[in-house]
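K.L.:
Given chain A, work out where chain B should sit, using these hints.
Top to bottom, those sequences are chains A and B. The first sequence begins at 69 in our numbering and counts up one residue at a time. The second sequence begins at 69 in our numbering and counts up one residue at a time.
FYI, nobody ran anything at the bench for these hints, they're computed from the structure. It is possible that some hints are incorrect.
In this list, chains with the same sequence are indistinguishable; a pair is considered to hold if it fits within one copy or across any two.
Below, computed lysine to any residue pairings styled on SDA-like, alpha-carbon distance capped at 25 Å [to be verified]:
1) LYS124 <-> ASP145
2) LYS106 <-> ASP186
3) LYS106 <-> ALA196
4) LYS105 <-> PRO89
5) LYS266 <-> THR224
There are 2 protein chains.
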Amino acid sequence: MSKSVTGPEIERLIQLLAKLPGLGPRSARRAALHLIKKKDQLLSPLAAAMGEALEKVRLCETCGNVDTFSPCTICSDPRRDRSIIVVVEDVSDLWALERAAVINATYHVLGGVLSPLDGIGPEDLAIASMVERVKGADSAVREIIIAVNATVEGQTTAHYITDQLVGTDIKITRLAHGVPVGGELDYLDEGTLVAAIKSRSRF
Amino acid sequence: MSKSVTGPEIERLIQLLAKLPGLGPRSARRAALHLIKKKDQLLSPLAAAMGEALEKVRLCETCGNVDTFSPCTICSDPRRDRSIIVVVEDVSDLWALERAAVINATYHVLGGVLSPLDGIGPEDLAIASMVERVKGADSAVREIIIAVNATVEGQTTAHYITDQLVGTDIKITRLAHGVPVGGELDYLDEGTLVAAIKSRSRF
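With the rest of the complex left out, here is chain A (with noise of 0.2 Å):
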């Protein structure tokens, strides 16, 4: 039906606009027409963009941020405490745990979570990576952060880890479980109250 508005180039944006995460088919069209109206401002910058972004992004191969070069800016930051490693399951996580400015760390993409019904084991996450970087001759890591999602798998992706790092003396830490900031008691799992409860502070 909708083949007969419009050329097939057009129809073409607009599903592979619908593939990205936040836009549907409704506003994929809408994002089509804005990209085309706004030709000279959005569209021509935002084709280049893309082609740019195509040719030069690529894995940091220490840590597994996606940057334009390698090691990353952030790996290759002088300035970034090389004592703690935050481990992450997705860049995304990474990219959220720097948007809140909240440590001068480095981190390591794991790229996943252990999943066995999925077919997710060890050797496809960058687990090895990360033990070699920690138990590596010239590793000055003292601290691991496991901040994997509090789901099952990665508590169970935490757990491996871990146990990969038995016998060293690097101290492995995880994210405080608790009432998030701003968050109201009513909307929250049992699971994250009993949390907040046995970890109460002295206020």
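P.N.:
Okay, now just chain B, sitting in the frame of chain A:
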């Protein structure tokens, strides 16, 4: 802050994606990561589709639809009823009506509505070209359906268009007002309810 996380090329891609309607700064970041992860399946074809759109997309010289050739797919379709022109504000309205597959007519995109406060007068809209289409020597037009939005500006524009066609025997109609299908009365404004009662029909 986020400057230090990744390269400027990726930041630029994120900033441009954030300008798309429906994507905010956070979802643009997610979309950019998604694109980078699916380099071959998504980023590459999308960059190509944008390049192609950039090169080929144009406005239909007859109706103002967005297409890759002019006259557009609709205007050059011999099965379309040329006696009816549906006048819309924007290409997105044309596409919405086409998705509903409600009428096999031709269209005329005004490119906006009259808005003295924003400095938008009749000369800024495709009104003269519409009148020309309607009054032209080879015109087959019998009916104009004014399908502008039900806003004050839309209605002002509708009245202006009607004035331009005084003296012709063109039938001028507008969309019905009433309760949206699936809509709940409780959430509707009074104007809509008044219109729905006034235009009630026999059950």
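K.L.:
For every hint, state whether the structure bears it out.
P.N.:
Structure-based check of each hint:
{"no.": "1", "hint": "LYS124 <-> ASP145", "in the structure": "within (20 Å within a copy, 44 Å between copies)"}
{"no.": "2", "hint": "LYS106 <-> ASP186", "in the structure": "between (42 Å within a copy, 19 Å between copies)"}
{"no.": "3", "hint": "LYS106 <-> ALA196", "in the structure": "between (47 Å within a copy, 24 Å between copies)"}
{"no.": "4", "hint": "LYS105 <-> PRO89", "in the structure": "both (22 Å within a copy, 12 Å between copies)"}
{"no.": "5", "hint": "LYS266 <-> THR224", "in the structure": "within (22 Å within a copy, 64 Å between copies)"}
Of the numbered hints stated above, none is contradicted by the structure.
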